[in-house]
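Participant: Based on the sequences and whatever the hints tell you, model everything.
2 protein chains.
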Amino acid sequence: MKRLTLALSASLGLMLALPAAAQFQKPEDAIKYRKAAFTVMASHFGRLGPMAQGRVPFDAKVVADNIAIAATMSALPFAGFGAGTDKGDTKAKPEVWSEADKFAAAAKKMQDAMAALNVAAKSGNADQFKAAFGETGKTCKGCHDDFRKE
Amino acid sequence: MKRLTLALSASLGLMLALPAAAQFQKPEDAIKYRKAAFTVMASHFGRLGPMAQGRVPFDAKVVADNIAIAATMSALPFAGFGAGTDKGDTKAKPEVWSEADKFAAAAKKMQDAMAALNVAAKSGNADQFKAAFGETGKTCKGCHDDFRKE
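If you read the protein sequences in the order shown, they are chains B and D.
Each residue of the first sequence is one higher than the last, beginning at 1 in my numbering.
Each residue of the second sequence is one higher than the last, beginning at 1001 in my numbering.
It is worth saying that the hints were derived from the structure and are not from the lab.
Take every hint as true, because none was put in to throw you off.
Computed cross-link-like contacts, BS3-like style, restricted to lysine-lysine with a CA-CA straight-line distance of at most 27 Å:
{"#": "1", "chain 1": "D", "residue 1": "K1026", "chain 2": "D", "residue 2": "K1102"}
{"#": "2", "chain 1": "D", "residue 1": "K1138", "chain 2": "B", "residue 2": "K26"}
{"#": "3", "chain 1": "B", "residue 1": "K108", "chain 2": "B", "residue 2": "K91"}
{"#": "4", "chain 1": "D", "residue 1": "K1061", "chain 2": "B", "residue 2": "K108"}
{"#": "5", "chain 1": "D", "residue 1": "K1141", "chain 2": "B", "residue 2": "K35"}
{"#": "6", "chain 1": "B", "residue 1": "K87", "chain 2": "B", "residue 2": "K141"}
{"#": "7", "chain 1": "B", "residue 1": "K35", "chain 2": "D", "residue 2": "K1093"}
{"#": "8", "chain 1": "D", "residue 1": "K1102", "chain 2": "D", "residue 2": "K1141"}
{"#": "9", "chain 1": "D", "residue 1": "K1061", "chain 2": "B", "residue 2": "K26"}
{"#": "10", "chain 1": "D", "residue 1": "K1026", "chain 2": "B", "residue 2": "K91"}
{"#": "11", "chain 1": "B", "residue 1": "K61", "chain 2": "D", "residue 2": "K1035"}
{"#": "12", "chain 1": "D", "residue 1": "K1035", "chain 2": "B", "residue 2": "K93"}
{"#": "13", "chain 1": "B", "residue 1": "K26", "chain 2": "D", "residue 2": "K1141"}
{"#": "14", "chain 1": "B", "residue 1": "K26", "chain 2": "D", "residue 2": "K1091"}
{"#": "15", "chain 1": "D", "residue 1": "K1108", "chain 2": "D", "residue 2": "K1122"}
{"#": "16", "chain 1": "D", "residue 1": "K1026", "chain 2": "B", "residue 2": "K61"}
{"#": "17", "chain 1": "B", "residue 1": "K141", "chain 2": "D", "residue 2": "K1035"}
{"#": "18", "chain 1": "D", "residue 1": "K1035", "chain 2": "B", "residue 2": "K26"}
{"#": "19", "chain 1": "B", "residue 1": "K138", "chain 2": "D", "residue 2": "K1026"}
{"#": "20", "chain 1": "B", "residue 1": "K26", "chain 2": "D", "residue 2": "K1149"}
{"#": "21", "chain 1": "D", "residue 1": "K1091", "chain 2": "B", "residue 2": "K35"}
{"#": "22", "chain 1": "B", "residue 1": "K109", "chain 2": "B", "residue 2": "K138"}
{"#": "23", "chain 1": "B", "residue 1": "K87", "chain 2": "D", "residue 2": "K1035"}
{"#": "24", "chain 1": "B", "residue 1": "K138", "chain 2": "B", "residue 2": "K93"}
{"#": "25", "chain 1": "D", "residue 1": "K1026", "chain 2": "B", "residue 2": "K35"}
{"#": "26", "chain 1": "B", "residue 1": "K141", "chain 2": "D", "residue 2": "K1026"}
{"#": "27", "chain 1": "B", "residue 1": "K35", "chain 2": "D", "residue 2": "K1087"}
{"#": "28", "chain 1": "B", "residue 1": "K149", "chain 2": "D", "residue 2": "K1035"}
{"#": "29", "chain 1": "D", "residue 1": "K1138", "chain 2": "D", "residue 2": "K1122"}
{"#": "30", "chain 1": "B", "residue 1": "K35", "chain 2": "D", "residue 2": "K1149"}
{"#": "31", "chain 1": "D", "residue 1": "K1035", "chain 2": "B", "residue 2": "K35"}
Far from chain B, some chain D residues (derived; all Cβ distances over 12 Å):
{"#": "32", "residue": "A1100"}
{"#": "33", "residue": "A1116"}
{"#": "34", "residue": "E1135"}
{"#": "35", "residue": "T1139"}
{"#": "36", "residue": "C1140"}
Ranges between beta-carbon positions, derived for each pair:
{"#": "37", "chain 1": "D", "residue 1": "A1131", "chain 2": "B", "residue 2": "K108", "range": "35 to 43 Å"}
{"#": "38", "chain 1": "B", "residue 1": "A105", "chain 2": "D", "residue 2": "A1105", "range": "40 to 48 Å"}
{"#": "39", "chain 1": "D", "residue 1": "E1099", "chain 2": "B", "residue 2": "K102", "range": "46 to 54 Å"}
{"#": "40", "chain 1": "D", "residue 1": "D1089", "chain 2": "B", "residue 2": "R55", "range": "28 to 36 Å"}
The C-beta atom is built at its ideal place from N, Cα and C for all residues, glycine as well.
Facilitator: See the structure below:
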């Protein structure tokens, strides 16, 4: 979460003054990026819902492959919440920035849950996967409830 | 490219009949996904442009970290070009589907260039990075010229 803390505490001026490490040229680029990273993560996570619910047969390889991608993606979107990215084409609530510590903690909770899910997914054990999938889904919902407009 | 070939040759009906492996519930989900994957890839690739052009100092870690993500992303978007995803909020030209073999070859060319760039990026050698970055950029442009509307 170093990057998030850094981004959240940096002024927009400071961000724009860091050409060597410039992640986004414009605030709207950061917003587009974070939404894209969430979209890819949610796609690979969400498509396993029916398997986690036992509605389709467990397939260890499908689970492991998709969760590995979701876990990789989980590290990315939070770099896109820097200062100056609160306005624009976004559903992010002002609390992302006004309660930055709480938001950072919610992000870390998701990332930790996703990492644990990745371990469970690699194990090939259906029950472990289902339990960890449910726990991870709760962290998604928790953060959406607090930090995303409907 | 197995997944792409599979997706491109499958009828929409067949795709929708594969619940266990269903990647996308609706064509618009696939379109949103592929655009998101390209957005994340382009962000991590594009931010290194100034460094590849020597306009900012070479930073081996920044290069390696960003290209590793771009290389991971390069595998993803082509699963989103399945049958039935030619209409909607997309700039993809009809040639993606009418010249599917050529599109698959262009996708592979980019993925191979990105893999070579990833090796160069990990080497920490600025000249190797710059050369491989340029080669990869050409594959992006080539595919956009042929398969993406302006």
